[in-house]
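J.: Sequence lines, in order, name chains S and E.
Just so we're aligned: the first sequence equals residues 1 to 204 in my numbering.
Just so we're aligned: the second sequence equals residues 1 to 204 in my numbering.
Wrong hints could be hidden among the right ones.
All copies of an identical chain are treated as equivalent in the list; a pair is satisfied when it fits inside any one copy or across any two copies.
[To be verified] Below, a list of computed lysine to aspartate or glutamate pairs in the EDC-like style, where the Cα atoms sit at most 16 angstroms apart:
1. Lys189 to Asp164
2. Lys129 to Glu199
3. Lys129 to Glu202
Hints were generated in silico from the structure; no laboratory data involved.
Quick caveat, the model's predicted, so the values are computed rather than measured.
Number of protein chains: 2
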Amino acid sequence: MKKDRGLLIVLSGPSGVGKGTVCAALRNHDTDIQYSVSATTRNPREGEVDGVNYFFKPKEEFEAMIKNNRLLEWAKYVDNYYGTPRDYVEETLAQGKDVILEIEVQGALQVRESFSEGVFIFLMPPSLKELRSRLQGRGTETKDLIDSRMTVAKEEIEMMNKYDYVVENDEVELAVERIKSIVTAEHCKKERLIEKYKELAEVE
Amino acid sequence: MKKDRGLLIVLSGPSGVGKGTVCAALRNHDTDIQYSVSATTRNPREGEVDGVNYFFKPKEEFEAMIKNNRLLEWAKYVDNYYGTPRDYVEETLAQGKDVILEIEVQGALQVRESFSEGVFIFLMPPSLKELRSRLQGRGTETKDLIDSRMTVAKEEIEMMNKYDYVVENDEVELAVERIKSIVTAEHCKKERLIEKYKELAEVE
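Sequences are here, hints too, so could you generate the full structure?
T.: In structure tokens form, the structure reads like this:
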């Protein structure tokens, strides 16, 4: 039986909800999920490895990738570009492996435009109160910045409609189990399997 | 936060695929899934308990249930009626509990008509050869009967299109894990959660 194409899983949600923590915990589980590596024009920090933490690109090369539609999504923060190279994702999916992208809400909506068959998961805080407390817990942001992130978070929650699934991040391990279940269930969807099984029904 | 309505999970598939075995194995797992009890007009066998194995009904009462649309599906085998009472399913779902029905393909398609929001899972043999070997393994059926079941099975596989998910029953425990994942994933579907979370986005 021929190997199915992998799934692109897009994990997103408001700043502070715990996307990074959930993704890191997922890595500790025994899954075949591959992790997409972003490209950026910023300089590598101490200990960062090209192709592991990021693909470090000169500005001209990044801009050529934008122009040639080689990025599933991209954004510019201050003076640096960040984005998701399309080639790595496409090649991995073609090998029958699932790929997960952990990105901001705006980036996820861009991916939806160019890759609508992806599985879009919105990671949700148990409450807005809890989200504020997580942002405060980082201890790195001023009250004004936190207020502004909370305003953005409320707007982002309204965009939940563009996603396929909503996973509450009440406890990291529970959120990870829900994400793993979503991946398993998506592989069992009739639409993904019907051709394979029609062949099976003809052969005895 | 108000409790979500439960899900109706319909597990079906060709005769011999192992629906009963998978359902029994699922019962041994720690889940909150409830098992629907069928109604029948046949006489109880030694040790069968009313309301546990079946709801045993007089013929007149069963026919009144058909007439009043109190069954999600029903069929007549030889001289006896069998069917799924609607009330138990509706009451259990309203309590926020999931209900699983394990039924034949024709019954599942009837349920689809009256309960389209159910989660329909088609249990699939790894191959038709394996299905024949499972039917032979029962040791209770003649070669003619097995041939006829195989013909029906091929027709039923064509009906897979009416289902939401296809689960391969290669190993019982793997099939059970896939079904549990489907149930978890369905509870995370955006459509089922969006109203709840829109309320959340308004309250801090």
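J.: Next step is simple, just say for each hint if it's right about the structure.
T.: To see whether the hints hold, each was checked on the structure:
1. Lys189 to Asp164: For Lys189 and Asp164, both the intra-copy (14 angstroms) and inter-copy (6 angstroms) Cα distances are at most 16 angstroms.
2. Lys129 to Glu199: Classified as between; 13 angstroms across copies, 52 angstroms inside a copy.
3. Lys129 to Glu202: between (57 angstroms within a copy, 11 angstroms between copies)
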